[in-house]
Amino acid sequence: MLDIRLLRDDPDAIKAGLARRGVDGAAVDRLIDFDVAHRALLARQETLRQEVKALSKAVGQAKKERDEVRASALAEQSRAVGDEERRLNVDVEAAAEAIRSALLVTPNLPAEDCPDGESEADNVETRRWWPGLEQGFPFPTFDEHQQVPHWEVGEALGILDLERGAKMSGSMFPLFRGMGARLLRALTSYALAAHADAYEELRPPTFVLTETITATGHLPKFADEAYHIERDDLWAIPTAEVPLTSMHRGEILEEAVLPLRFTASTPCFRREAGSAGRDTRGVLRVHEFDKVELVAYATPEGAKAAFDDILARAEALLRGLGLTYRVLDLCSGDIGASSKRTFDLEVYSPGCDRWLEVSSVSWFGDYQARRASVRYRPADGGSPQFVHTLNGSALAWPRIWAALIEQGRQADGSVELPEVLAPFLGGTTTVTPRR
RNA sequence: GGAACGGUGGCAGAGCGGACGAAUGCGACAGUCUUGAAAACUGUUGGGGGUUCACGCCUCCCGAGGGUUCGAAUCCCUCCCGUUCCGCCA
Numbered sequence: 001m002l003d004i005r006l007l008r009d010d011p012d013a014i015k016a017g018l019a020r021r022g023v024d025g026a027a028v029d030r031l032i033d034f035d036v037a038h039r040a041l042l043a044r045q046e047t048l049r050q051e052v053k054a055l056s057k058a059v060g061q062a063k064k065e066r067d068e069v070r071a072s073a074l075a076e077q078s079r080a081v082g083d084e085e086r087r088l089n090v091d092v093e094a095a096a097e098a099i100r101s102a103l104l105v106t107p108n109l110p111a112e113d114c115p116d117g118e119s120e121a122d123n124v125e126t127r128r129w130w131p132g133l134e135q136g137f138p139f140p141t142f143d144e145h146q147q148v149p150h151w152e153v154g155e156a157l158g159i160l161d162l163e164r165g166a167k168m169s170g171s172m173f174p175l176f177r178g179m180g181a182r183l184l185r186a187l188t189s190y191a192l193a194a195h196a197d198a199y200e201e202l203r204p205p206t207f208v209l210t211e212t213i214t215a216t217g218h219l220p221k222f223a224d225e226a227y228h229i230e231r232d233d234l235w236a237i238p239t240a241e242v243p244l245t246s247m248h249r250g251e252i253l254e255e256a257v258l259p260l261r262f263t264a265s266t267p268c269f270r271r272e273a274g275s276a277g278r279d280t281r282g283v284l285r286v287h288e289f290d291k292v293e294l295v296a297y298a299t300p301e302g303a304k305a306a307f308d309d310i311l312a313r314a315e316a317l318l319r320g321l322g323l324t325y326r327v328l329d330l331c332s333g334d335i336g337a338s339s340k341r342t343f344d345l346e347v348y349s350p351g352c353d354r355w356l357e358v359s360s361v362s363w364f365g366d367y368q369a370r371r372a373s374v375r376y377r378p379a380d381g382g383s384p385q386f387v388h389t390l391n392g393s394a395l396a397w398p399r400i401w402a403a404l405i406e407q408g409r410q411a412d413g414s415v416e417l418p419e420v421l422a423p424f425l426g427g428t429t430t431v432t433p434r435r
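According to the numbering used here, the first sequence is numbered sequentially starting from 1.
Read the hints as simulated data drawn from the structure, not as lab findings.
One or more of the hints may lead you astray.
[As the list claims (entries may be wrong)] Think about it this way: if two alpha-carbon atoms lie no more than 27 Å apart in a straight line, the pair counts; the simulated DSS-like pairs of lysine-lysine are:
{"id": "1", "residue 1": "Lys64", "residue 2": "Lys53"}
{"id": "2", "residue 1": "Lys221", "residue 2": "Lys15"}
{"id": "3", "residue 1": "Lys15", "residue 2": "Lys304"}
{"id": "4", "residue 1": "Lys63", "residue 2": "Lys53"}
[Stated by the list, open to error] FRET-style restraints, in silico, Cβ to Cβ:
{"id": "5", "residue 1": "Arg49", "residue 2": "Ala16", "range": "36 to 46 Å"}
{"id": "6", "residue 1": "Glu125", "residue 2": "Asp308", "range": "14 to 24 Å"}
{"id": "7", "residue 1": "Pro300", "residue 2": "Ile32", "range": "17 to 27 Å"}
{"id": "8", "residue 1": "Glu254", "residue 2": "Leu104", "range": "27 to 37 Å"}
{"id": "9", "residue 1": "Ile229", "residue 2": "Glu84", "range": "39 to 49 Å"}
C-beta: ideal position from N, C-alpha, C; glycine also.
All chains, please: the whole structure from these sequences, using the hints.
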């Protein structure tokens with residue numbers, strides 16, 4: 001949520017920022033109109049309420065003096081003003097709601113250094129990494145035996161069973177088997193162990209209240225993307241970002257505890273409503289997947305360092321896994337609605353000859369904190385300020401799984417997994433066909 | 001799921017229809033005293049919103065939302081959460 005005061009003080013700055021996302025300035029003018037109308041109504045309502053309070057006190061005074069006649073006259077007068085106040089209150093609340101609902105669908109302002117652009121095509125590739133880069137080896141070429149899509153490799157090795165996954169739950173619900181399932185568990189253990197030095201591990205609920213999923217910006221705009229359990233009015237989380245960012249909802253933290261940093265491995269549920277027909281094969285786009293997430297609450301001053309740390313950790317995991325990847329600085333037209341700045345990490349899939357997004361690291365400024373009302377009391381004792389929130393995947397597993405299976409495929413059809421996973425795989429890093 | 005009792009400021013805990021944003025205690029902060037500290041004493045000490053150049057003034061917030069009333073922390077209704085007992089259960 002944007003700061004309504006900025007809207008009053010410098011509407012042009014908001015228009016300019018939103019224009020970089022392709023949002024029309026008329027929406028901002030409408031917001032300003034709502035705000036002006038609301039404040040005018042509020043002022044009148046408060047004046048009336050003041051009168052009611054004064055009259056009520058006078059009633060009490062009159063009764064104490066046993067002047068029943070004056071008391072009932074005053075009560076009558078107060079009732080009349082009160083009735084008017086109640087009528088006006090309906091308008092005030094309608095005006096407040098108009099602002100709130102408009103503000104909830106207004107996206108964040110992109111950061112100054114966020115590159116300008118309209119779409120995915122304008123994202124800026126900032127760097128690439130591949131095994132051997134530091135030793136001077138060129139960007140890798142992938143052999144023919146690696147250019148086999150993971151769903152074929154997976155089915156051949158008996159570690160992926162899409163057909164039976166679909167039998168149980170419909171398409172885009174993969175079933176991993178044997179070493180395939182174990183690999184996912186190993187990846188989670190590997191990542192959580194890597195973050196344990198600075199991030200508290202959490203195991204949050206998977207279903208959350210409407211307020212919780214609204215705070216991060218996933219509602220109301222993207223309701224179609226989330227699974228909703230009608231009977232209990234709960235939402236299946238699309239990412240651990242949702243519960244972790246709402247964890248301190250409505251709280252005032254001490255500056256000394258910041259940055260607060262959390263990591264969690266959770267299932268993530270996405271309806272993928274708008275992507276019918278895209279990536280229908282394999283595990284590149286699925287309705288349920290596991291992901292390890294990093295979330296930080298920081299002061300505005302500490303946000304940059306917290307952001308860099310999350311990005312560095314996601315990259316470190318990829319390097320540890322020996323996966324060729326690139327870093328994208330998302331342009332103003334492609335960052336998420338709540339974000340001010342986002343870097344995506346993409347691994348290369350030789351089987352599909354594509355880059356796969358496996359992590360998205362974002363800085364939200366105070367946008368989410370405003371929605372969730374998470375503040376901190378500055379150490380110097382000033383009034384509470386909104387925190388900045390940040391997060392990043394480290395990492396989303398199915399696409400990592402696919403890249404590992406493809407990049408690691410040997411000429412004989414077996415797959416070699418990275419050595420760093422050995423401790424989590426019971427010492428074996430070779431995947432051969434199940435007899 | 002049933003029953004009983006509760007949810008008040010950073011914490012503890014009064015208040016049970018009329019000046020209550022809320023006694024009191026603790027904590028925290030500042031000052032006096034002290035070489036310094038402790039103790040003692042004095043003062044300050046929640047959040048949102050509106051208005052004002054500012055000092056300030058006004059308004060809302062006592063789990064949440066409705067209602068009754070001239071007036072609600074106090075009465076009524078619904079919901080949520082906690083504790084205890086019963087039932088059920090991985």
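For each hint, the structure was consulted:
For the proposed pair Lys64 and Lys53, the alpha carbon gap of about 17 Å is at most 27 Å, so the pair holds. At roughly 20 Å between alpha-carbon atoms, Lys221 and Lys15 fall within 27 Å of each other, so this suggested pair holds. Restraint check for Lys15 and Lys304: satisfied, since their Cα atoms lie roughly 25 Å apart, inside the 27 Å limit. With a C-alpha separation of about 16 Å, the suggested pairing of Lys63 with Lys53 holds against the 27 Å cut-off.
Against the hinted window of 36 to 46 Å, the Cβ-Cβ separation of Arg49 and Ala16 comes to about 39 Å, which satisfies the hint. At roughly 18 Å, the beta-carbon separation of Glu125 and Asp308 lies within the given 14 to 24 Å, and the hint holds. In this structure, Pro300 and Ile32 meet the distance hint of 17 to 27 Å, their C-beta atoms being roughly 25 Å apart. A hinted range of 27 to 37 Å holds for the C-beta pair Glu254 and Leu104, which are about 29 Å apart.
Checking the proposed 39 to 49 Å range against Ile229 and Glu84 shows it holds: the Cβ atoms sit about 44 Å from each other.
Comparing the model with each earlier hint shows no violations; every hint is respected.
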